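A.B. asks: Residues per chain, in single letters:
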Amino acid sequence: MSMNNQGRPTTAQNVGTSFQPFESFSGHQGLRLAEPLIFELDRADTTGVDVPEVDDFEMAIGGLARKTSIGCPGLPEPDAVRHYTRLSRLNYGIDMGVFPLGSCTMKHNPRLNEKMARLPGFGDIHPLQPISTVQGALALMGELSHWLMTITNMPAVALSPKAGAHGELCGVMAIRAAHEARGDGRKTILCPESAHGTNPATAAFCGYDVKSIPAKSNGRVDIDALKAALNETVAAVMITNPNTCGLFETEVKEIADAIHAAGAYFYCDGANFNAIMGKACPGDLGVDAMHFNLHKTFSTPHGGGGPGSGPVVFSDALKDFAPMPYVVKENDGSLNLKEWKADSADTSLGRLTAFHGQMGMYVRALTYMLSHGGDGLKQASEDAVLNANYIKASLMDVMSLSYEGPCMHEALFDDRFLKDTGVTTLDFAKAMIDEGYHPMTMYFPLVVHGAMLIEPTETESKFNLDQFIRSMRGLASTAKAGETERFEGAPYYAPRKRLDETQAARQPVLRYSNNQEA
Amino acid sequence: MRYLPLTTTDRQEMLAKIGVRHIDELFKDVPADCLNPDIDLPRHKTELEVERHMARLAAKNVAAGSVPFFVGAGAYRHHVPATVDHIIQRGEFLTAYTPYQPEIAQGTLQYIFEFQTQVAELTGMDVANASMYDGSTATAEAVMMARRVTRRKKAVLAGSVHPHYRAVVETTTQYTDDEIVVQKTLPESPEAELKAAIDAIDETTSCVVFQNPGVCGHVLDLTPLAEAAHANKALLIVVVNEVFSLGLIESPGAMGADIVVGEAQSIGNGLNFGGPYLGIFATNQKYVRQMPGRLCGQTVDAEGKRGFVLTLSTREQHIRREKATSNICTNSGLCSLAFTIHMTLMGEKGLRALAKLNHKTACDLRDALNGVAGVEVVNQTFFNEFTVKLPVNAAGLVEALAEKGILAGVPFSRLDPTAGLENYLMLAVTETVTPDDIAALVAALEETVK
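Those sequence lines, one after another, are chains A and B. End of the first sequence sits at 518 in the UniProt record's numbering; the numbers just go up one at a time, nothing left out. End of the second sequence sits at 450 in the UniProt record's numbering; the numbers just go up one at a time, nothing left out.
The following block holds chain A by itself, in its conformation from the complex (with noise of 0.2 Å):
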């Protein structure tokens, strides 16, 4: 007999539709369980690890033991547990959906990754310890190397930033070191409109001017004005390529030659490598440094905001500028690690981090790698450029285009369908949350009004992107149709309605103390 439905059977008299909502004892509401901060939950003096007893001993720090508290409560493991659980239930990530975050590059994270990741051979050995026994991370950082200076043409690769902006700032740091051993104090670095924030922040922190380089009407970088601003006074060119429109620089071997012309060097903002890795090589285009985002093209995963990697690869003209260190190997056929300069005839631009950089990030780029051989990182951008044209072309008659053409890796809208319909961009990605969908990117790029951003990547099957365009057409034709209302207060199913940001910038609460309003 079974025991699904004991008590009154669930017809549709007793599960009518005039029930009212009710606030619950406990806060939860069903499997949406309200959590509190670990401050409020007042277990000052527990803790959830076991500690051997240590009788007193003359301790050695000074007369200098802690005497201020330290305000963390400790909990016991399974309320921790529960804790952590709860609130990862908050969230969305790739696993659970489609998460189309153009520029940014969210696609299926493999647990083989992380499986190899936590090798103790990778994962427990210290950064210090003698070369002599980590050979095999030396042999993954060459392999590693070997691989990315493979895929773009480009012979030397530099692997210890920490992020793509960290890249950046390594290759901008790179080119100036170029400069200067010529005697050369160029002052100028030309970034398109269209850059990402972090390209004239880093070229700011390099002690650069910054002189923006408007797009034309197609969405590429204005030939004419980049060669009418290039002088002896431009160092580089910053150029991000497919560029954050979605769109392949057609010019791209004319504008280097024009850079290579001034005496500049051209930078490539390798953010959206995975449009056209195995499809084209950086170094075949002219390329000077370019960063790969590890996290973004090799399937590191974000993480709710990190870490990144960003190995940057440097062409003929800037190899001798890496930083340092970098793995060499000795004549007797042993790896080594290059940590310090060796004398003042060395040009390497110095240490951008203390160790060897995000060797986690290695062992997980180079195992998705290795699975997908050189023939499926091709397919990868293919399939990557096909899913987003088909978005694009699923789309185009319901929302509107911002650029002809085919598009790589992300397609660009914009919102003048939503003109006169009184639903922003805004609105519009908050609907899309009730649709169990991360919104796109919106905003940016900031070349077009209102953009929205759809990268799908290559890990989403069609049935996958045929459901969210049915979404997105629904969301479109509502709008369209003047049924705003969806839109008006969204999203109406997440954990939160829309948070209030201005108040939070204008009152900034931090951090959690004891005497604040809960």
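By construction, these hints were calculated from the structure, which means they are not laboratory data. Nothing here was measured: the structure is a model prediction, and the numbers come from that model. Just so you know, even glycine gets a beta-carbon here, dropped at the ideal spot from N, CA and C. Don't take every hint at face value.
[Unchecked claim] Below, in silico cross-link-like pairs of lysine-lysine (BS3-like), each with a Cα-Cα straight-line distance of 30 Å or less:
id, chain 1, residue 1, chain 2, residue 2
1, A, 211, B, 153
2, B, 233, A, 67
3, A, 319, A, 378
4, B, 356, A, 67
5, B, 195, B, 360
6, B, 404, A, 329
[Stated by the list, open to error] Incomplete in silico selection of chain B near chain A, CB under 10 Å:
id, residue
7, 110
8, 111
9, 129
10, 135
11, 167
12, 231
13, 253
14, 256
15, 369
16, 415
[Claimed, not checked] On the chain A side, residues computed to face chain B include the following (Cβ under 10 Å):
id, residue
17, 107
18, 147
19, 176
20, 295
21, 513
Fit chain B to the known structure of chain A by using the hints.
C.D. replies: Below, chain B alone, put in the same frame as chain A:
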């Protein structure tokens, strides 16, 4: 190619919908002579083949947990409860992006808020950011922040600061007109290090950077340094690169620090051959808007329920572009989650007890080494790491002991080959070091140091 779900039929249908016949028509913007280059890389492998390949590479390394292990100098091997790694692998945490859509990222945002509070409490400061790449880059950011606050250019890096950190500060600021004063490391006279830092402060100084415990392990009262800095309207930046020490030693905030930065890998995160690690950054309320990096703030939603968002982003690169506070764009999200889970398991009680155990183990090691002829412990004070002076070259000794299966610490020359400190060796212990490990080290030293 198991990660690519499209079938051949799917691809054909999709190309038809797009209105092209061949995939390369979608790549027509790429210069034709550059399209489909001949790239010499191996073909794809099965999961099993990849596992074998990676396992072979991993097997060529000596894992710290497999030997008596005394290596520290900015990265420490602590025991991390199984719960930590289990929870950070939940897909909702692992596979989420930066919480730009706060309504569906409250899990990430709430733990960041808790993390910020834990770091502020540990360091004794008012506020902390959502984490940075690592301790060394956080230190460079702190130096640049001090310049913004004081509008002065001279930064004094004390001898106590890890040489790698000093190198990162020097590299990062080489194209500004900052004046970086690097002081000599004096393993045997920490008081002289402190005095030199005090003496270097003048009316042009933006900040003085001091590490506590210092790179050689010494623990000092920094109150006089804070007073000297403040008397000259300079900032005191304290670097903590063994965050466990804050469970036993008075906080930098209580000693008068204006900015506390450090490496928090010790809590929740493994060694990982140097990264990913977890930079922390904390300061006082009045400097909040000058602080680099991401910040999570508390607010309310449209129904008045408490919620969290990223905030004060007007300092950041995506808003201010070339005027941004720094070019930093990412944080160490997952590492900070590991930290906050481990910290929540320990609590004040567990951290204090573990820190005491670390120190006790270090005292045991010191006592054991004092019985080895030729080995001289130079520290009067330390937390879980100290320096010994040897009658032989420390790097050579470490290699010799590695051949005996003991990883015996970090020769100072590995950190800075130019310092002329070839006979100095730093040894670190944690709660993972057993009496047997110490006995093995002592026996090996007695055989080797002669």
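A.B. asks: Now tell me if each hint is right for this structure.
C.D. replies: How the hints compare with the structure:
Between residue 211/A and residue 153/B the alpha-carbon distance is near 26 Å, which keeps this suggested pair within the 30 Å criterion. Pair hint residue 233/B plus residue 67/A holds up; C-alpha atoms about 27 Å apart against a cutoff of 30 Å. In summary, the hint linking residue 319/A to residue 378/A is supported, as the alpha carbons are separated by about 26 Å, within the 30 Å threshold. Our distance criterion of 30 Å between C-alpha atoms is met by residue 356/B and residue 67/A, whose separation comes to about 14 Å.
For the hint pairing residue 195/B with residue 360/B, the CA-to-CA distance comes to about 29 Å; that is within 30 Å, so the pair holds. Only pairs whose Cα atoms come within 30 Å are accepted, and residue 404/B paired with residue 329/A is accepted, the gap being roughly 25 Å. Hint status for residue 110/B: holds, given a least beta-carbon distance of 6 Å to chain A, under 10 Å. Residue-level restraint check for residue 111/B holds (minimum Cβ-Cβ distance to chain A is 6 Å; threshold 10 Å).
At a threshold of 10 Å, the smallest CB-CB gap from residue 129/B to chain A is about 8 Å, leaving the interface hint in force. Proximity of residue 135/B to chain A holds as hinted, the smallest CB-CB distance being about 7 Å (cut-off 10 Å). A least Cβ separation of about 4 Å between residue 167/B and chain A falls short of the 10 Å threshold, and the interface hint therefore holds. Given the 10 Å rule on beta carbons, the hint for residue 231/B is violated: about 22 Å separates it from the nearest Cβ of chain A.
Given hint, residue 253/B at the interface with chain A, holds; its Cβ is 8 Å from that chain's nearest Cβ, closer than 10 Å. The closest approach between the C-beta of residue 256/B and any C-beta of chain A is roughly 13 Å, which is over the 10 Å cut-off, so the hint fails. Checking residue 369/B against chain A: minimum C-beta separation of about 13 Å lies over 10 Å; hint violated. Of the supplied interface hints, the one on residue 415/B holds, with its beta-carbon coming within about 8 Å of a beta-carbon of chain A, less than 10 Å.
The criterion of a C-beta within 10 Å of any C-beta in chain B is met by residue 107/A, whose closest approach is roughly 8 Å, and the hint holds. Below 10 Å, beta-carbon pairs count as interface contacts, and residue 147/A has one with chain B at about 6 Å; its hint therefore holds. Residue-level restraint check for residue 176/A holds (minimum Cβ-Cβ distance to chain B is 6 Å; threshold 10 Å). At about 8 Å, the closest approach between the beta carbon of residue 295/A and any beta carbon in chain B falls short of 10 Å, and the interface hint on this residue holds.
Restraint check, residue 513/A versus chain B: the minimum CB separation of about 8 Å is within 10 Å; hint holds.
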